Amino acid sequence: MQPDIYIGNLRLAEPGIALTGLFIAALCGYAWWRLMRLTTPNLPQIWMRRFFGLMAISSMFGPLFGHLFYYWAGFPGKYVCWVFSILSLGALAQAAIEHNRALLSPGTFRNLTLANWLAVAVALGISGIQKNFHWVEAHSALALLGFLAPLEYRVFKKRNDPGSRLLLWSLPLAVLAVIPHLVKWSPHVWFTYFDVGHVVLLGSLWCMLRGAEAIRVVAV
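Going by this note's numbering, the first residue of the sequence shown is number 1, and it counts up by one from there.
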């Protein structure tokens, strides 16, 4: 994908991809810190904080063990990144479920929560057994398009929630970030389709942060 570079005897594989991946980790860490500073966070904001914290960890492990030192870490190092990524998307979906709590019956809320964490467990298990990243991608699509999109749209239509509006704006950017991967479009050897996707994803994550800060809840 990218030429290795060496610092003395230290081999760094796919350094450009790792660097743009670390930008994501930095933004997620910053988002986690901003949400930690909220004085009275509501439950959706707490779950969004968990999302950003877990994604920050995933985005640290990914560049280090999935790219720079994959030749040393092998699949176990990559799988650690997948685990935190899947857990983070589960937290994001749970934030949307919690945001809808006042609009759902107790049974529906319970069933959505169960479905969310069952999907997390299945993705963790199958991706680890088959060693296939497509299961991580499939779970991400489910969390974003199966949970976040319809649930936040419902809140937006019912209550015109500003947080929902921003969270919905994050989705087109998240989808756009996938397109370079699908068509394998790389402007340069040092700026591959991974890097393009990472840069676009930064915009999506920023919308998610602003959406999380603007979330309103109605008492059940």
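Just to be clear, a hint being listed does not mean it is correct.
What the hints assert, rightly or not - Derived pair list, reagent style BS3-like, types lysine-lysine, alpha-carbon separation capped at 27 Å:
#1 K78 <-> K158
#2 K157 <-> K78
#3 K184 <-> K78
Unchecked claim - Have a look at the derived ranges for each label pair, beta carbon to beta carbon:
#4 W169 <-> F133: 18 to 28 Å
#5 I129 <-> V178: 35 to 45 Å
#6 W117 <-> G8: 14 to 24 Å
Just so you know, these hints were derived from the structure itself, not from any lab. Since this is a predicted model, take the numbers as computed values, not measurements. Every residue gets a Cβ at the ideal spot worked out from N, C-alpha and C, and that includes glycine.
Verification of the hints:
1. K78 <-> K158: violated, 41 Å
2. K157 <-> K78: Distance of about 40 Å is beyond 27 Å: violated.
3. K184 <-> K78: Status holds; Cα separation ~21 Å.
4. W169 <-> F133: 18 to 28 Å: With a Cβ separation near 27 Å, W169 and F133 satisfy 18 to 28 Å, so the hint holds.
5. I129 <-> V178: 35 to 45 Å: violated, 24 Å
6. W117 <-> G8: 14 to 24 Å: violated, 46 Å
Figure legend: structure checked against the earlier numbered hints; hints not met, in rising order: 1, 2, 5 and 6.
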